[in-house]
Amino acid sequence: MPLPKFEYLSPKSLEEALQLLADRGEGTHLLAGGTDLLVKMAHGHLKPRAVIALKQIDALGGIRFDPGKGLFIGATALLDEVASHPDVKAHFPSVAYAAQQTANVQIRNMGTLAGNLCNAAPSADNAPVLTAMGAEAVIAGPKGERRVALDRFFKGPGQTVIEPGEILTAVHVPVIPSGFGTSYQHVSPRGKVDIAAVCVGAMVGMDGATCKEARIVLGAVAPVPMRAEKTEALVRGKALTPEILEKAGRQASEEARPISDMRAGAEYRKRMTAVLTGRALKQAAEAAAN
Amino acid sequence: MKQLLTLRVNGITHELSIDPWRTLNEVLRDELNLTGTKLGCGSGDCGACTVLVDGRSVSSCLTLAASVDGKEIATVEGLAPSGEQLHPVQESFVENGAIQCGFCTAGMEMSAVYLLGRNNAPDEEQIRAGLSGNLCRCTGYNQIVEAVAAAAEKMKPS
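Residue numbers (the working numbering), protein chains in the order written: chain A, 1 to 290; chain B, 1 to 158.
None of these hints come from the bench; they were simulated from the model.
Incorrect hints may have been included.
[Said to hold, decoys possible] Derived DSS-like pairs (lysine-lysine); straight-line CA-CA distance at most 27 Å: (1) A/Lys40 <-> B/Lys71; (2) A/Lys40 <-> A/Lys5; (3) A/Lys47 <-> B/Lys154; (4) A/Lys270 <-> A/Lys212; (5) A/Lys40 <-> A/Lys55; (6) A/Lys12 <-> A/Lys143; (7) A/Lys12 <-> A/Lys155; (8) A/Lys143 <-> A/Lys155; (9) A/Lys212 <-> A/Lys69; (10) A/Lys40 <-> B/Lys2; (11) A/Lys55 <-> B/Lys2; (12) A/Lys12 <-> B/Lys2; (13) A/Lys12 <-> B/Lys154; (14) A/Lys5 <-> B/Lys154; (15) A/Lys270 <-> A/Lys238; (16) A/Lys55 <-> B/Lys71; (17) A/Lys230 <-> A/Lys282; (18) A/Lys5 <-> B/Lys71.
[As the list claims (entries may be wrong)] Listed next, the stretches of chain B that the computed footprint assigns to chain A, with coverage defined by at least 3 CB atoms under 8 Å from CB atoms of chain A: (19) 17 to 30; (20) 63 to 69.
All C-beta atoms in this analysis are idealised placements derived from N, C-alpha and C, irrespective of residue type, glycine included.
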């Protein structure tokens, strides 16, 4: 279906983009990769008055790693750039893996990690592990910059804390502390290309065999990617034995609040939440040991 | 307001005046008459519209023409510019029976070219992953995977 008509703006600087966003007001949408925006427009769900393309703004591109400050993923950094970046692969392997597992080759060559978060699908591949790692959204607006941890970023399906007039400029991922490991696990009934039916991100801190800290985030089983706080409390201070992992899985599945839809039934999602939580904790603990 | 665009398509520069809501797929097919690139689902699922933009494979149905101003576009027509001598990927598709109805072929070939540009000796799993954004309703994929493996052999630097 042909796209609806709109005004196309392609600012060169963030200041110019913020100004255009303020001037054009309601009905103005930001375009990064376009892989969600254009689909919504093609399907008639969205009729923007104006579209502001972010790709020409150099400051929003690229991926920067600083051993002290962590990783900054620019708003227009492609999923494929995240997945194949040497520093991301070396220091944030689960971030690279989640990006690699998002959609298909062409979408990863167009779509951005920031866009995957801003689109705020409950199933967003990149949300669970980044949220578990304490990543934050860097948001620019008329009043300056603010940072919001991803566990407070999502408001509902398709909704985030980003206010009209604001632009997400980067995603900041803190350095993984020594003794901590991460994992991303997901399942989809139609293989890897499809949107996840359930996905789980975890970061655990280990002291020998004992789990001293855990953050577990479940995707596609609630209106937003959700922390499984009771599960985190359950594993904290315990050795991650097969019995504890099974208990943790059961607990996570109780915390999950999935719906049934065309991808999976709620009961299947609950069971897979248990399986994937166990796997994520195990893999994250193994990564912590290395 | 129409946008003035410069697109370099298969090495030829085109100056165009285009409505900003037109996709790259529409411009290639309707303005430049390059109908080798197909339009399938229109939502980035099927890969029939795959082209390369500055060397990256993308869905031309989800790409605004205005957003690729000044960029280098490669379409299936550019694989065999003479119209006679086929690209090794195309030769392999013919030789391996990888084409039935032909609708997915242009997109498959562009994805194969992109894959082989990044990995000149992919194994079967890597070929399948590389083509995972392209759907074929006829072949069952095996001949296509075989064709890409054969193309990799043909293209191996000697």
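These are the hints, each one checked on the structure:
At roughly 25 Å between alpha-carbon atoms, A/Lys40 and B/Lys71 fall within 27 Å of each other, so this suggested pair holds. A distance of roughly 13 Å separates the Cα atoms of A/Lys40 and A/Lys5; the hinted pair therefore holds under the 27 Å criterion. Taken as a hint, the A/Lys47 and B/Lys154 pair is broken in the structure, with Cα atoms around 48 Å apart against an allowance of 27 Å. Restraint check for A/Lys270 and A/Lys212: the C-alpha separation of about 26 Å stays at or below 27 Å, so the hint holds.
At most 27 Å may separate the alpha-carbon atoms for a hinted pair to count; A/Lys40 and A/Lys55 meet this at roughly 19 Å. Between A/Lys12 and A/Lys143 the alpha-carbon distance is near 20 Å, which keeps this suggested pair within the 27 Å criterion. Note on A/Lys12 and A/Lys155: the hinted pairing is violated, with a Cα-Cα distance of about 30 Å set against a maximum of 27 Å. For the hint pairing A/Lys143 with A/Lys155, the CA-to-CA distance comes to about 22 Å; that is within 27 Å, so the pair holds.
With a C-alpha separation of about 23 Å, the suggested pairing of A/Lys212 with A/Lys69 holds against the 27 Å cut-off. The suggested pairing of A/Lys40 with B/Lys2 holds, with an alpha-carbon distance near 22 Å, which does not exceed 27 Å. Taking the CA atoms of A/Lys55 and B/Lys2, the gap is about 19 Å. The hint holds against a cut of 27 Å. At roughly 19 Å between alpha-carbon atoms, A/Lys12 and B/Lys2 fall within 27 Å of each other, so this suggested pair holds.
A threshold of 27 Å between alpha carbons decides the hint, and for A/Lys12 with B/Lys154 the separation of about 44 Å lies outside it, so the pair is violated. Between A/Lys5 and B/Lys154, the direct Cα distance comes to roughly 46 Å. Violation of the 27 Å bound is thereby established for this hinted pair. Taking the CA atoms of A/Lys270 and A/Lys238, the gap is about 24 Å. The hint holds against a cut of 27 Å. Between A/Lys55 and B/Lys71 the CA atoms are separated by roughly 13 Å; this keeps the pair inside 27 Å, and the hint holds.
Distance check on the hinted pair: A/Lys230 and A/Lys282 sit about 18 Å apart at the alpha-carbon level, within 27 Å; holds. About 23 Å separates the Cα atoms of A/Lys5 and B/Lys71, which keeps this hinted pair within 27 Å; it holds. A count of 6 residues in the region 17 to 30 of chain B with a Cβ less than 8 Å from any Cβ of chain A is obtained; the coverage claim is therefore met, three being the minimum. Check on the region 63 to 69 of chain B: 4 of its residues sit with their Cβ under 8 Å from a Cβ of chain A, so the three-residue criterion for coverage holds.
Comparing the model with each earlier hint shows violations of hints 3, 7, 13 and 14; every other hint is respected.
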